[in-house]
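Between the sequences and the hints, there should be enough to build the whole structure, so can you do that?
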Amino acid sequence: MSVQYSVVIPTYNRMDVLPEVLAALEAQREAPPFEIVVVDDGSTDGTAAFLAAYRSPLPLTVLRQDNRGPAAARNRGVASAGGERVAFLGDDTVPSPGWLAAHHRAYRARDGTGALAVIGYTGWHPRLRLTPFLRYINEYGLQFGYALIEDPENVPFNFFYTSNVSVDRQLLLAEPFDLRFPYAAWEDIELSYRLQKRGLRLVYEPRATVAHDHPTDLQRFAARQEKAGYSAVVFHRLHPELGPFLGIGDAGPPPLPPGRRQRWREGLARVLQHAPISLPRLWEEVLRFHYIRGLHRGWCDRRKLKGDEP
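According to our numbering, the stretch in the sequence shown is residues -3 to 306, in order.
Quick caveat, the hints were computed from the structure, so don't treat them as lab data.
Don't take every hint at face value.
[Unchecked claim] Simulated restraints, written as ranges between beta carbons of each label pair:
no. : residue 1 : residue 2 : range
1   : CYS296    : PHE46     : 37 to 43 Å
2   : ARG256    : PRO55     : 38 to 44 Å
3   : ASP213    : ASP41     : 20 to 26 Å
4   : GLY245    : PRO55     : 47 to 53 Å
5   : ASP174    : GLN215    : 26 to 32 Å
6   : ASP41     : ARG256    : 30 to 36 Å
A quick note: this is a predicted structure, and the numbers were derived from the prediction, not measured.
Glycine is no exception: its CB is placed at the ideal position from the N, C-alpha and C atoms.
Structure (structure tokens):
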């Protein structure tokens, strides 16, 4: 039987969660025919041995490559996939039993309406301690932004989250992930921007749920935001018209806030991040500082590449 979907999972050193992801795929209910494609991106934690010995009742392809990042791994998975559509999962996003069926129903309900991509809902794994900070970064646009979706039938390009999204394979072959991003940040959104320029419509199906098992805190997420700022400069070089969206003006990034003020904010935010109170303005200011600092790093490197003085 030919498969309709290829579930592509790039993985790197996530043996603590990957077996659960695979087991959840094998427990899918009412799903269309599908295969699993796992691309091991140079893991060093025993993932290769685990996958070599793994036996699944579903069609399973395991690929291995040197560590090149999730974008390269996804491109390789897409190239090896046999499904009409590709559904991307993270190696730490555990699908609910009806996950793939919900994606499939979303396409069937909109058959004949043009090229589509379907995003599902990525929530935190129930075994994590859910704090107001985790809720904030999941719902209001720093990690994800589901609470900001105004029209589920016409979702902006910046909601194309590869932890839980499906799209026609032929589109991904024509427009692969760009490998010039130095970190795993913005490469999925940049792809979505190109796809929407080709006429793709992004729709939101909240019943296609996955549970994200990726513990984080303010310090780790601030480091992530700094990488996002650095990668945003690459995004800007590819699409200068998106400067305002990325926070980059004609003269470059905005100035950094004063260091003393930032240290005070960050200290307060660290102390209160696990408290049962929501401090969105404080968190936004702290994380924005790190994003801007990443912008400055990337902008300096960009100018050096052009032969200019920083």
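Quick rundown of the hints versus the structure:
1. Between CYS296 and PHE46 the beta carbons are some 41 Å apart, a value that agrees with the proposed interval 37 to 43 Å.
2. Checked against the hint of 38 to 44 Å, the pair ARG256 and PRO55 fails, with Cβ atoms roughly 58 Å apart.
3. The supplied range of 20 to 26 Å is met by ASP213 and ASP41, whose beta-carbon atoms lie about 22 Å from each other.
4. For GLY245 and PRO55, the Cβ-Cβ distance of about 50 Å falls inside the hinted range of 47 to 53 Å, so the restraint holds.
5. In this structure the supplied range 26 to 32 Å holds for ASP174 paired with GLN215, their Cβ-Cβ distance being about 29 Å.
6. Between ASP41 and ARG256 the CB atoms are about 41 Å apart, so this pair departs from the stated range of 30 to 36 Å.
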